[in-house]
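J.: Could you put the whole structure together from the sequences, leaning on the hints where they help?
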Amino acid sequence: MAANYTYSGPVNCTREPNVGIVKGKTVIITGGANGIGAVYTKNLVQAGAYVMIGDLDTKNGEALASSLPEGHVWVCRCDVTNWDDQVKLFEEAISKSPSGRVDVVVANAGVAGTDGVFADDSAKDKPEKPNFKIIDVNLTGGLYTIKLALYHFRKQNQRDIDAGKPRNDTSLVIQGSMAGYLDMPGSVLYAASKFGLRGAMTSLRYTGPQHKTRVNLIAPWFIYTGMIPEQFTDLIASKGIVWASIQDAAGALVNIISDTGINSRTFAIVPRKWSPRGYLDIDRDDFKEGERLKEWQDLLLSLGDKLSNFD
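Going by my numbering, the first residue of the sequence shown is number 3, and it counts up by one from there.
Pairwise CB distance ranges (calculated):
{"#": "1", "residue 1": "Ala-65", "residue 2": "Arg-161", "range": "34 to 42 angstroms"}
{"#": "2", "residue 1": "Tyr-9", "residue 2": "Arg-79", "range": "38 to 46 angstroms"}
{"#": "3", "residue 1": "Arg-286", "residue 2": "Pro-100", "range": "36 to 44 angstroms"}
{"#": "4", "residue 1": "Glu-18", "residue 2": "Asp-236", "range": "33 to 41 angstroms"}
Keep in mind the hints are simulated off the structure, nothing from the lab.
Where a beta carbon is used, it is the ideal one built from N, C-alpha and C, also for glycine.
T.: Structural data, given as structure tokens:
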């Protein structure tokens, strides 16, 4: 394995993206029927993309599809924690894609909720087994999506090579969170799931370019999507915390897809008082020359991907 990632500094997010590049691309979005996923779907279709929504909420998905240009949105019932459902999602997307391929995959599906690991049950006679739904959906489901994206991107890349055609750019975008960078007391499961997805991005950045695949992460600050109960939104507001815009998350996604030079970056979705476009490259996934961690990182990279394949 050749290391195909070189740090070149943060992306300038103040530039206007070339939205025209999105036109005609086929995109899979898990959890695309509601919240941020639905806004992603709308914005990509408005830019001329074709979108396959993978979601349990097919009713909302179909309603969203009917509100957008005909033939540009398809809906597949998909439980992201079910491997077979995700396999079917990708197969249906490819069968419906005008190009017969998938260009972009957005591993977006996610949940939050009560943290069973942090919950204090010490007054009970026996400990309660925690519910790992947050891990199952956010991390396991996300990794299923990532696995299938890599599988199909690699096959498409090899077909292009075999046919003597130019290799097409493919893009994997992982929905992370600032909880993957900032401490959140009491949110053990959610933080673990988002740190895990961040780790997937930093691991894949060295190998993805071999197959013309870029891997990036979107990490929202607080965005109101209905996922957070009202009593907590009141608490957040009482601390003077300003919400980021859900539309700016879509702007970040379009920027990532349209710029083939963006690889292994994390775009934080933030209030516009912190960034004029509502998102910025947080530049926190690389070590500086002279740091001990940079030395250790270089030693690990000298092993390539050999440690990924042993029993």
